[in-house]
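Chains as they are written, first to last, in my numbering: chain B, 1 to 222; chain Y, 1 to 312.
Honestly, I wouldn't trust all of these hints.
Stated by the list, open to error - Straight-line alpha carbon distances no greater than 30 Å define the calculated DSBU-like cross-link-like pairs of lysine-lysine that follow:
hint	chain 1	residue 1	chain 2	residue 2
1	Y	Lys207	B	Lys131
2	Y	Lys65	B	Lys16
3	B	Lys28	Y	Lys207
4	Y	Lys37	B	Lys202
5	Y	Lys207	Y	Lys145
6	Y	Lys276	B	Lys202
7	B	Lys189	B	Lys165
8	Y	Lys276	B	Lys205
9	B	Lys202	B	Lys181
10	B	Lys165	B	Lys186
11	Y	Lys90	Y	Lys37
12	B	Lys131	B	Lys145
13	Y	Lys37	B	Lys16
14	B	Lys28	Y	Lys90
15	B	Lys136	Y	Lys90
16	Y	Lys90	B	Lys205
17	B	Lys205	B	Lys28
18	Y	Lys90	B	Lys16
19	Y	Lys37	Y	Lys47
Unchecked claim - Facing chain Y, according to a computed beta carbon distance under 8 Å, are these residues of chain B, among others:
hint	residue
20	Cys12
21	Val25
22	Arg26
23	Pro107
24	Pro129
25	Gly158
26	Phe174
27	Cys188
28	Tyr209
29	Ala211
30	Ile214
To be verified - Ranges of calculated distance between the beta carbons of each label pair, as one might list FRET restraints:
hint	chain 1	residue 1	chain 2	residue 2	range
31	B	Asp192	Y	Glu41	20 to 28 Å
32	B	Leu20	Y	Ala312	56 to 64 Å
33	B	Pro168	Y	Ile105	18 to 26 Å
34	B	Asn62	Y	Ala23	35 to 43 Å
35	B	Asn114	Y	Val196	49 to 57 Å
36	Y	Phe129	B	Lys77	35 to 43 Å
37	B	Ile22	Y	Ala66	14 to 22 Å
38	Y	Val196	B	Leu9	44 to 52 Å
These are computed hints drawn from the structure, not numbers from a lab. Glycine included, each C-beta is placed from N, C-alpha and C at the ideal position.
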Amino acid sequence: MLGRSLQILFFCLIVKPVLLIILGVRVKGHENLPEDGPAILIANHNSHLDTLVLMNMYSLKNLRKLRPVAAADYFMKTPFRAWLSTNVINIIPIARKGARTSDPLEPIYDALDNNQIVIFYPEGTRGEPEKIADFKRGISILAEKYPDVPVAPILTFGLGKALPKGDPVIVPFFVDVIVDKPCKFKDCKTDDFSEFLEQKLKSLKQGQYFADYIEENPLVDA
Amino acid sequence: MDNLLTDPVWLGMFGVYAVLGTATASILLLKGRLQDKDFSELVARTKTWGYIILMATIVLALGTKAAIIAIGFISFLALKEYFTLVPTRKVDRRVLLWAYLCVPIQYYWVYIGWYGLFIVFIPVYALLFIAFRLILAGETSGYIKAVGTMHWGLMLTVFNLSHLAFLLVMPTTVELPAGGGGLLFYVLFLTQFNDVAQYFWGKLFGKHRVTEISPGKSWEGLIGGICTTTILAIVLAPFYTPFTWPFAMAAGALIASVGFIGDVTISAVKRDLGTKDSGSLLPGHGGVLDRLDSLTLAAPLFLHFTRFFFGA
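Sequences and hints are given; from them, build the entire structure.
Written as structure tokens, this is what we have:
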């Protein structure tokens, strides 16, 4: 209960003011968001703000349903970070590396079985600002096990500029979010679901204007 | 707390509400008659106008301090939209933060009424600082473009728009009929009216294109707009400004013609980048810059016109 109250406070006092005033989030396709679990939201990952932006699309009442999948080696590193991640943000910590005795995705299965909405980053890491890296296998494994669960691809742009990996200072930018219609594994005639989702996510960029970074040294490239 | 809603401004706002009401009624009427046409864009546009006007009323009622803060916040939104729109380099990220810092500083000069710093801070000091800070960033490739785009954005969205706020505190040799708030209302109303007037004249009689940048803009629309705005400027001048009719005529023509230039300037930016709207904050209008484009140039020119003849 304490965790839930703190989460609502955290969103009202910190997340919402930052996202509304300092950044400004513009959402397209809000109606495509799955309202109830079990469901999986997949998105490109460039910033810590990604998770907060995705969560903030839901009402305060539904916040607790959301379970962002996060790397245990990073988010459980210090006691404070671990407490904040598990209690306030309500993450599912996942072991990224090391010897595995059991299925590392096990905690995600539990969340889906409990009708929660899982936020999953198929790239596995934040990577370069505003670049979409290749999807890892994880999302395929998850979807094959839960072929009936809707998977909603979500493209975000601008968060990697506002708060990239390795720089703790937020710089104001407007941020765009495009939510695509959810798809289920059982309805997709593909043997590579990861690749399918990756193409779907990248196709959301088509017809949109996004100001990419200028390449560092165009003369050398040419 | 000083209420900027003096009697003339109140009446003016009342007139604006009347126009908005009439527009809403005619849209509803047309919508009922032409079932097959799509009015969603027009409805969204009018609705957004409603919110803008309502917020303007509240801010004017709260007084000079609130109005300066509100215009400062609008500058921040416009600058943020500009920085989101233009391509930047990775090394410019922190420098952008310094550029944002210019917003509160510039509006502080307005607040304390220090004209000397208000007028040189961004053209001289911000330019110097950004140019130097970008050198410290250490990336020479793309340096000229970075300084240019960053400073030009500051000029348009912060320096130029802050002139709107300075109208509220500018000392004058003659007593203003409706205070600084009257001048602000006058320039805002005429600029926005001019946008609409040019659009209507263009729709009705537009044939000869002014520029390739904006295919929708015609000489007919431009000249029709300038004439209507000038007439309105003369009619409204005695209530809001110290202008006699020749001054009002010049002010009206000035606002209308530079309003047009501001409009096509932002169009050129969007065309260059390959996007239709500058943003999506204002449903039916596009972004903040889409709405403020004509004001970015009309505001400073109107202030300096007034100040040249009536400034103390």
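(request) Taking the numbered hints from earlier one at a time, note which ones the structure violates and give those numbers from smallest to largest. (result) When the structure is compared with the hints, numbers 1, 3, 4, 5, 7, 10, 11, 13, 20, 21, 23, 27, 31 and 32 turn out to be violated.
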